[in-house]
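S.K.: Whenever a hint applies, use it, and build me the whole structure from the sequences.
Residues in the sequence shown are numbered consecutively from 1, following the numbering used here.
Label pairs and their computed distance ranges (CB to CB):
(1) R165 with T21: 16 to 24 Å
(2) P30 with A138: 32 to 40 Å
(3) D129 with P24: 34 to 42 Å
(4) I159 with E99: 34 to 42 Å
(5) D6 with A192: 15 to 23 Å
(6) A172 with G94: 18 to 26 Å
(7) K33 with D152: 31 to 39 Å
(8) G125 with D146: 17 to 25 Å
To be clear, the hints were calculated from the coordinates, so they are not data collected in a lab. Yeah, the Cβ is synthetic: ideal placement off N, Cα and C, and Gly gets one too.
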Amino acid sequence: MARPFDDTTRRNIAELCAAFTRVPSERAEPELKRAAVAIALTEAESGPGTTFLLTRRAASLRAHAAQWALPGGRCDHGEMPAQAALRELHEELGVGLGESDVLGLLDDYPTRSGYLITPVVVWVGTSADIVPNPAEVASVHRVALDDIERADVFSFTRIPESTRRVIRFRHAGQHIHAPTAALIYQFAEVLAGRETRVAELEQPVFAWK
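M.R.: Next up, the structure:
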């Protein structure tokens, strides 16, 4: 059954995030550039459910062009992850939120390309207009929370280049890989009340650069 987009759902997810114990990354932070992404919860376009925003990056971008991603990017000097996630959400999708809209933070995820990503769960009000910035975003999609709580939506595979499992998230007939898939997977586990770690879940080789 869909989670309605209302104050009860907001409070419930905020409580689940508050109960989640973040674990510091085992990677040496000075070697990694800090980044943040927004798991931006908003109303479904049709029906009563709660969704989160997922984008396809613009094909013209220098790094990870045309890939699926959560809104986000590198932290500016002196920025905290929540501040960076809110700024990037505004720059990419035109959604202006404040720190009171932040529901919680998940584990940092170290990427093969040299970033330490902090996922920030935020609540987007019904009055927010979503206007993608074409220089950064090719398209924006709303993914129902029901869709990430199904048992068959995440899968794991192996690659010759690593001993770690590669995680995949099935969406719109395609496989979305880590880091995005790992962050979404941990959020789905938080929704289920579980503390599942994802830092060691692998990315495909094309995402290593």
